[in-house]
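K.L.:
Each chain, written out:
Protein chains: 2
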Amino acid sequence: MMKRSAFLIVAVTLAGAVALTAPASRQADQGGAPIYVKQVPHGYRDWRLVSVAREEGTLDDIRAVLGNDEAIKAYREGKPFPDGAIIARLAWSYDSSEENNRAFGRPQSFVAGTPKNGAQFMVKDSRKFASTGGWGYAQFDDGKPADDTVMKACFPCHQAVKDRDYVFTRYAH
Amino acid sequence: MMKRSAFLIVAVTLAGAVALTAPASRQADQGGAPIYVKQVPHGYRDWRLVSVAREEGTLDDIRAVLGNDEAIKAYREGKPFPDGAIIARLAWSYDSSEENNRAFGRPQSFVAGTPKNGAQFMVKDSRKFASTGGWGYAQFDDGKPADDTVMKACFPCHQAVKDRDYVFTRYAH
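If you read the sequences in order, they're chains A and B.
Just so you know, we're using my numbering here: the first sequence kicks off at 1 and counts up by one.
Just so you know, we're using my numbering here: the second sequence kicks off at 1 and counts up by one.
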């Protein structure tokens, strides 16, 4: 217990320090409550591709997962994600392409339309985000961070893949 | 006609010169016949994302289109693709994800599985590939270039989007 308490004090202190430089972060005085990333990671549209996916149902989108250099390196080397790794999930409307269908001679082609379901991020910082498995979660809709009520669903769901450091998406070779 | 003949001579000469440094290229002595790219463009898996798509039917894949720096710059600035621009199309099997479906609580999730339908490229070189709209086409299956009989279908189909410099894929913002 001694060790754990000491660790929590360090974590809270660090979270407080970070709050000074990242004004939109949740305040450290909320104790063990999860904190979420409130600023869009810089330059993420330039990051390299991890993989692609399609979600039917309510989400109804086509998506790409990108990673910053630290994330891509860990993926490729099969190593744990280091602090600083960020994974981005972009999504777009799933649009039938009449143009492509004409070229193929049959209706079969679906392309990315307009941005949809926000841009989501997982930011690795094992101390700052210790209460959510070392990952801070973020969602931005038109650049604005989603409500914390929305964000509370992230970590419980990602616990399903705790054995892969809470990351669902596998690297597409 | 004078000008055009002169241009053809220059193009054939250049194609011959390139053949010396790219041994797998088709020989220039085939005259106006299309030439195809026979070497995998270097480092394409690190390129930035243009867009994503899903093809049903015989192709039955999920795909990502990436661009090298020259291609991405042209896409973003809405400018013509300059010589040196390369666009890559990667594709994977369209796999239902049981893991994701469990997390979502319903069958809705499809992810990139194993590589499928080869890796395809369009390489812009307005002189070398003058007979196919300024683009050289390539397809590699397990790293081996596809037969020219396969490649002959590329340009006729891409002519459908001549007004967009023969490029089907639009940039996903």
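A hint or two may mislead.
In silico lysine to any residue, SDA-like type, Cα no more than 25 angstroms apart, as pairs [unchecked claim]: (1) LYS73(A) <-> GLY113(B); (2) LYS116(A) <-> LYS152(B); (3) LYS162(A) <-> ASN117(B); (4) LYS79(B) <-> ALA103(A); (5) LYS152(B) <-> ALA119(B); (6) LYS79(A) <-> ARG45(B); (7) LYS162(B) <-> ILE72(A); (8) LYS116(A) <-> SER93(B); (9) LYS79(B) <-> GLU56(A); (10) LYS152(A) <-> LYS79(B); (11) LYS73(B) <-> PRO115(A); (12) LYS79(B) <-> HIS158(B); (13) LYS116(B) <-> LYS162(A); (14) LYS116(B) <-> ILE72(A); (15) LYS144(A) <-> ALA103(A); (16) LYS116(A) <-> LYS38(B); (17) LYS73(B) <-> SER93(A); (18) LYS38(B) <-> ASN117(B); (19) LYS152(B) <-> LYS162(A); (20) LYS38(A) <-> ALA146(A); (21) LYS116(B) <-> LYS38(A); (22) LYS152(A) <-> ALA160(B); (23) LYS38(B) <-> ASP148(B); (24) LYS79(B) <-> PHE155(B); (25) LYS79(A) <-> ASP46(B); (26) LYS79(A) <-> LYS38(B); (27) LYS162(B) <-> LYS116(A); (28) LYS38(A) <-> PHE140(A).
Beyond 12 angstroms from chain A on every Cβ pair, some chain B residues (computed) [said to hold, decoys possible]: (29) ALA64; (30) GLU70; (31) ALA74; (32) ASP95; (33) SER97; (34) ALA112; (35) GLY113; (36) PRO115; (37) GLN120; (38) ALA130; (39) GLY134; (40) GLN139.
These are computed hints drawn from the structure, not numbers from a lab.
Note that the structure is predicted; figures quoted are calculated from it, not measured.
Built from N, CA and C at the ideal position, the CB exists for glycine as well.
K.L.:
Run the distance test for LYS79(B) versus HIS158(B): straight-line Cα separation, threshold 25 angstroms.
P.N.:
Status holds; Cα separation ~19 angstroms.
K.L.:
Compare the distance between the alpha carbons of LYS79(B) and GLU56(A) with 25 angstroms, and conclude whether the hinted pair is satisfied.
P.N.:
Cα-Cα ~34 angstroms, so violated.
K.L.:
Given the hint that LYS116(A) pairs with SER93(B), does the C-alpha gap stay at or below 25 angstroms?
P.N.:
Given pair LYS116(A), SER93(B) holds - Cα atoms ~24 angstroms apart, limit 25 angstroms.
K.L.:
Measuring Cβ to Cβ, find out whether GLU70(B) lies farther than 12 angstroms from everything in chain A.
P.N.:
15 angstroms, holds
K.L.:
Need the status of pair LYS144(A), ALA103(A): alpha-carbon distance at most 25 angstroms?
P.N.:
39 angstroms, violated
K.L.:
Please work out if LYS79(A) and ASP46(B) have their alpha carbons no farther apart than 25 angstroms.
P.N.:
Distance of about 19 angstroms is within 25 angstroms: holds.
K.L.:
What's the verdict on LYS116(B) and ILE72(A), does the C-alpha distance respect the 25 angstroms limit or exceed it?
P.N.:
22 angstroms, holds
K.L.:
Does the alpha-carbon distance linking LYS38(B) and ASN117(B) stay inside the 25 angstroms limit?
P.N.:
Roughly 17 angstroms between the alpha carbons, so the hint for LYS38(B) and ASN117(B) holds.
K.L.:
Using Cβ atoms and 12 angstroms as the threshold, tell me whether PRO115(B) really stays out of contact range of chain A.
P.N.:
7 angstroms, violated
K.L.:
Please check whether the beta-carbon of GLN139(B) is more than 12 angstroms away from every beta-carbon in chain A.
P.N.:
16 angstroms, holds
K.L.:
Mind checking the alpha carbons of LYS73(B) and SER93(A) for me, to see if they're no more than 25 angstroms apart?
P.N.:
24 angstroms, holds
K.L.:
Would the pair LYS116(A) and LYS38(B) pass a check requiring their Cα atoms to be no farther apart than 25 angstroms?
P.N.:
Distance of about 38 angstroms is beyond 25 angstroms: violated.
Hints 2, 3, 7, 9, 10, 13, 15, 16, 19, 21, 22, 26, 27, 29, 32, 33, 34, 35 and 36 from the list above are not met by this structure, while the remaining hints are.
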